[in-house]
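Student: Letter by letter, the chains look like this.
There are 4 protein chains.
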Amino acid sequence: MIVIMKVNASQEAIDKVQVEIEKLSYSTHLIEGATRTVIGVLGKKPLRGKQHLQSLPEVSDVLEISTPYKLASREWKPKDTIVTVGPARIGGDHVSVMAGPCSIESYEQMKTVGEAVKAAGGHLLRGGAFKPRTSPYSFQGLGVEGLKIINQVGKEVGLPTVVEVTDTETLDVTTEYVDMLQIGTRNMQNFTLLKAIARQGKPILLKRGMSATVKETILAAEYILNEGNDQVVLCERGIRTFVDHTRNTLDVSAIPAFHRLSHLPVIVDPSHAAGKRHKVLPLALAGVAAGAQGIMVEVHPNPEVALSDGPQQLVPEDFLDLVERVRVVAKAVGKELD
Amino acid sequence: MIVIMKVNASQEAIDKVQVEIEKLSYSTHLIEGATRTVIGVLGKKPLRGKQHLQSLPEVSDVLEISTPYKLASREWKPKDTIVTVGPARIGGDHVSVMAGPCSIESYEQMKTVGEAVKAAGGHLLRGGAFKPRTSPYSFQGLGVEGLKIINQVGKEVGLPTVVEVTDTETLDVTTEYVDMLQIGTRNMQNFTLLKAIARQGKPILLKRGMSATVKETILAAEYILNEGNDQVVLCERGIRTFVDHTRNTLDVSAIPAFHRLSHLPVIVDPSHAAGKRHKVLPLALAGVAAGAQGIMVEVHPNPEVALSDGPQQLVPEDFLDLVERVRVVAKAVGKELD
Amino acid sequence: MIVIMKVNASQEAIDKVQVEIEKLSYSTHLIEGATRTVIGVLGKKPLRGKQHLQSLPEVSDVLEISTPYKLASREWKPKDTIVTVGPARIGGDHVSVMAGPCSIESYEQMKTVGEAVKAAGGHLLRGGAFKPRTSPYSFQGLGVEGLKIINQVGKEVGLPTVVEVTDTETLDVTTEYVDMLQIGTRNMQNFTLLKAIARQGKPILLKRGMSATVKETILAAEYILNEGNDQVVLCERGIRTFVDHTRNTLDVSAIPAFHRLSHLPVIVDPSHAAGKRHKVLPLALAGVAAGAQGIMVEVHPNPEVALSDGPQQLVPEDFLDLVERVRVVAKAVGKELD
Amino acid sequence: MIVIMKVNASQEAIDKVQVEIEKLSYSTHLIEGATRTVIGVLGKKPLRGKQHLQSLPEVSDVLEISTPYKLASREWKPKDTIVTVGPARIGGDHVSVMAGPCSIESYEQMKTVGEAVKAAGGHLLRGGAFKPRTSPYSFQGLGVEGLKIINQVGKEVGLPTVVEVTDTETLDVTTEYVDMLQIGTRNMQNFTLLKAIARQGKPILLKRGMSATVKETILAAEYILNEGNDQVVLCERGIRTFVDHTRNTLDVSAIPAFHRLSHLPVIVDPSHAAGKRHKVLPLALAGVAAGAQGIMVEVHPNPEVALSDGPQQLVPEDFLDLVERVRVVAKAVGKELD
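Residue numbers (numbering that gives the first Met the number 0), protein chains in the order written: chain A, 0 to 337; chain B, 0 to 337; chain C, 0 to 337; chain D, 0 to 337.
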């Protein structure tokens, strides 16, 4: 941390800052510039007291120079983490494919999709059982019934499953039926849920909040790792911007940013970013080209009658085509899908 | 709802859209323009099937022309709602003042602040007991101990209290000790929590999500009203933008927007928007000038040693000065603080 | 400037940075922290070489700790600048009112508006002669004919005039007819125009770019001051955000930010931010309450037939009412409109 | 266009809207819904009067259902436009590579880069002669001297050239020396410059404004096409968002959006979006994977001493590597670089 004093700060104010830093058990180092004094804060302990120092008299600014996370940081663990979900391995040079409908609607629907995902070479089967919906009047999911369906279909087609958890009330039952637990974009900073889900010990798919920075996303992962669970996959799914041609703006630059700062695997969700079917393929390819280690895509046997997010779900044939193309681009950037 | 077909859409596609609309039990009305056909969807029932229609062949777009909320809408209840918290009445031509520290730290701290808030003419005492923090290594609040402190101080100084609820686990105990329950910006779309909190029957302060639109915020309130609880106050607390001179951008234009669309009271939180002390006063005045029916301000006896958000908390004297100025501006716009 | 080396940077890399800093004629100061080395860059000269240092091996980041502008900075000139346009004085504790139609359409229209602005106690008459329009098919303004009209009406009603300049081609003729020259939001970083307009020696109204930071806006003003013209008024007119209930988001927090960083007067334009008539009044009041030293409002005798921006223009009676209310709020915050 | 009346609008207001639409020489079509009346506006003429209709009494909203541009629209010209710059052909299934330094600094620098670009298989040589800089104290470019250098080097290495034009004053001289003229992000809505540059008759590279929507960008191109020049290439170069890990957020979803709405070629500029060297490669690959028909990359023989934008410029060897990888990804998505 570095404390920047105001231009011509008084000696008294400078002394006060030094005393306060020492109270925090750090040592200090003064640089007297031509117009300002700058005070370095030295010590090995995790960073504390930034806000306190910022509020002292004649302090202009306090800058952090170390990262606020540790367990999720690549500085502390340079090697890529590989997350294992049953037979699926996510991370490294592998491109994983997770696919399934937005909402689980029936056994027949899931079975059709599950077979399509398996046939295309996909690795995980996804589906929503408890749906967080902007309006209270929208379809809210099949609940436990949905969990049972995806569990059964997953076993029948031979794919591990991933389902979003929306609250602690349904966490235990979801954990019982599902192989990987997902935190949705609206819950990325639901810290109670993050801690509770971490303790289940299952692998976790953590979606970036739609207005979260890369650093805040890694800090959300840090909440999970801090509970002793390091099986976390980050997912870029689009951010909120002024743009009106798409639902959310897929931030492909977050992929190399995550890779540089953290050892955790990173996948993209082109379906939620796009909001419309014709953008899913280009965004999936862009994500993989930028270094994503997987994609999560929505597939529905008949999107025209889907109970949620119809416009962005692919039919099985289009999904098959998408996986073929992703495979080619993955290879072009030195990765492998199979 | 209006369905806009693509330029030169086929008769077959147009027929298909009409059939699908009728399946949803609406009637249709065709407009054949020079280059496009547009289909009106008529009916009194709540809107359904937008996404379905959007996914039909040769449909260019589907536009909503009615609002997706009802209970929170001013179209359905033109008169302002007044929310009552003990002796405090929030809404109408009254400007309410809610104040207190970011975190409850001790009885002494709360007592000092509580007396200052009361002396300044404030109406509610706030304080955080369970703190949602970006980093797992930051101070997370005193918990139930904090609830007991604010409960006691509230009684001693004669002010009703408002505390944020962060999860369903701590909801019952918070309800036991507190007069008004707050939903924070990160939980605005935590729908499980919205429904659970609504059922407690206590008045609710709902903060706008930092990347939520005005419409999404009203829909979050609709979740609460739909559970039979209409004692909801909306709070504008700043949105996330590209701007770097402030923590969040206080969207004062949301205040007249909320008033036009909804009958619920609207207050502003200048402290969280500003992030820095010197911006709290101008933002509080701006909010009230734009029509806010209250302010929520952070006050701390000694911000330099605050355990969270020190830089944005006011000392009691500055808070007293702020209330005086807010009173004058309130009067200038035809409202009253006392 | 402070150069932050990567964790465990080599001595060779550290030496290299020091050599490069010295080549730029600064001196250096080393802080060896527990995990990183940080190098202070000391010297009185204007900042140079940040990007160069950032690109050196094993450098993690380079932080600026001084401001990149000087002439526009309050650190260099603590006292408020007052800008004089004929009898009007903009800045300090005065609230100036600039008003007029979006586009100058005819002598009759301008005369009606000019008399209304004068009657309401306004200080400057505005009007657009050359209109920057998003579409090439929209009305582009009356051009020089418009300049002659506003010039004549200004003289007849006794108000100085302000008109936007959109290019260097029309700069001389505009300067001939107009008292204050305006730089529009789309031209805030048209540096050629900034320099050319500065040299005309007339007072300048500089609108913040719709995606410009506060710092970038002050740097745009610095371009003008650097040409020897310090008669610059800054104008906050709304920024582009994800919000969809308003055309642009009026950033009231920019007002105290500008005041803290610069001595130049700051006004707000609620009309362009709002985009709709019913939001103009609350935004004007909010701006003044937050410390703006003036407002610029669009007025049209008959907005229903306006050739541009009809929905946001006020009729004269509503404008009169707005000025009355602004006067009251101005007084409430210790300023004066008359 | 569709006019949506308020709930329970009066017959008088509805009649008034119909009269006004007919005055604009459109015909009308009424839909009387359960709670609202909606009025269709029919006619083949370009859209006019939206703002006027929006300002009529009891009108809730006016929605456009046709596009405001025509010449740039794919609805009017379904086939891809190919832009020709000397031997280079931009558009269709070809991926073009434009590269060179941010600023032209010397003949030696340009020669080194020009040879590297040619050797890597690049198609155009870029370089800045007049630099738009945020600060008046930053390096502003070599000017005409720079134009002469890039002209000479372009001839020597056999590559057509592209240089940004920042104002009309330097337009003629730039046109004299350069093969393709670039409009920078800050000038995308400098309409005077758009029209003047269009009339030079040379091919134009139009960069998206950093806060421009896709539609506004196409409208800027429409200004050029409307002057009779259809040799326009669009360039996505990153938009301004809340994100802080990158300079601008490359909006890859804009690429399929542009392709769907317009027949003009689309390229990406990963260098300006990234701001840092290590993100240039992933963003270039992502852009091409998403359908971009070219890339523009900054290359400098010695970025450590570059006079502008050092941190984002590639050294020739890294550039060569980048082109190799782009070639592979281009092939993977059915395009060709050579």
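One should not assume that every hint holds.
Same chains, same label: a pair holds when it works inside one copy or across any pair of copies.
Unchecked claim - List of simulated lysine to aspartate or glutamate pairs, DMTMM-like, C-alpha gap at most 20 Å:
hint, residue 1, residue 2
1, 76, 57
2, 69, 229
3, 334, 320
4, 194, 11
5, 275, 335
6, 154, 226
7, 49, 63
8, 330, 320
9, 214, 243
10, 78, 19
11, 78, 107
12, 15, 60
13, 49, 243
14, 147, 92
15, 15, 303
16, 5, 63
17, 15, 171
18, 117, 337
19, 275, 63
20, 194, 63
21, 194, 168
22, 201, 303
23, 275, 320
None of these hints come from the bench; they were simulated from the model.
Predicted model only: the values in this text are computed from it and were never measured.
Student: Output the indices of the hints that this structure fails to meet, ascending.
Tutor: 4, 5, 6, 10, 11, 14, 17, 20 and 22
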